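Visitor: Sequence:
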Amino acid sequence: MVNVVADGRTVVGFDGSPSAWRALDWATDRVAQRGGILEVVHAIDTRLGGAMFGPRFDLETTVEVELRQATEHVRATAPDVAVEARWVEGPPASALLRESGTATLLVVGTDKRPDRPGTRIGTLPLKLAAKSECPVAVIPDSPQPERNVVVVGVDRSGFARSALALAVVPREVVNAG
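Mapping of the sequence shown onto this note's numbering: residues 9 to 185, in sequence order.
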C-alpha cells in the first residue's frame, strides 16, 4: 500500500518549462497548506548535454541558475515553506523514480492538453504514475480552474484509501483558513 503522510517530503520534477513552474506553484501551495518539505529536483543527463548543446555549453551552471530562481520563487511566494533544490544525474524518468522511493508525493507538470494534438498527459508523467513508489500529481500547463474540486475513484482497497487521504484537505487546514 502507498503511504500518504501530510508532512513528508514533496518532490517536484523541475526543468524550467512553463509546466514545471505551474507544478512548482501547485506543490508550494500544497506544502504551505499541509506542511512538510518541498524539494525541487532537476534531472539532467550530462552525457546528452554536450551532444545537444555543444561541447562548450555548461549545463550544470544553467541548471543551478534555474534551481536558484525556483527556490527564490518559492521563498517569495510562501516564506514559511521549507524548500531545498538540487540537480541529479540521469534521464528524468529514472532519476525521479529513484526520488519517489523516499518521497511522500512526486509532482510533475505536463504541457499536454485536450485542446492540443497528441496525448493528453505525456510519456514522463505516465511512466512516473505507473512505476512510482509514492503518489504522483500531474499538473497541467493551463490556468487554474475557478472551482476547486477533486474527483477520487474509490473501492475497498488500501490504494483507494491512500488516494482519498491524498485528495482530502485535513480538517485543521480547513478550519484554520
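No lab work stands behind these hints, which were simulated from the structure alone.
All of these numbers come straight from a predicted model, not from anything done at the bench.
Glycine included, every Cβ here is placed at the ideal spot set by N, Cα and C.
Please note that a few of the clues may not be correct.
Below, a list of computed lysine to aspartate or glutamate pairs in the DMTMM-like style, where the Cα atoms sit at most 20 Å apart [stated by the list, open to error]:
hint, residue 1, residue 2
1, 135, 163
2, 135, 37
3, 135, 119
Across the chosen pairs, the derived CB separations fall in these ranges [what the hints assert, rightly or not]:
hint, residue 1, residue 2, range
4, 67, 167, 36 to 44 Å
5, 157, 69, 41 to 49 Å
6, 150, 96, 24 to 32 Å
Visitor: For every hint, state whether the structure bears it out.
Guide: Each hint tested on the structure:
For the given pair, residue 135 sits about 24 Å from residue 163 by alpha-carbon distance, which is inconsistent with the 20 Å threshold. For the hint pairing residue 135 with residue 37, the CA-to-CA distance comes to about 25 Å; that exceeds 20 Å, so the pair is violated. With a C-alpha separation of about 16 Å, the suggested pairing of residue 135 with residue 119 holds against the 20 Å cut-off. At about 38 Å, the CB distance of residue 67 to residue 167 agrees with the hint of 36 to 44 Å.
Look at residue 157 against residue 69: about 42 Å separates their beta carbons, and that is inside 41 to 49 Å. For the pair residue 150 and residue 96, the beta carbons lie near 28 Å from each other, so the given range of 24 to 32 Å is met.
Hints 1 and 2 from the list above are not met by this structure, while the remaining hints are.
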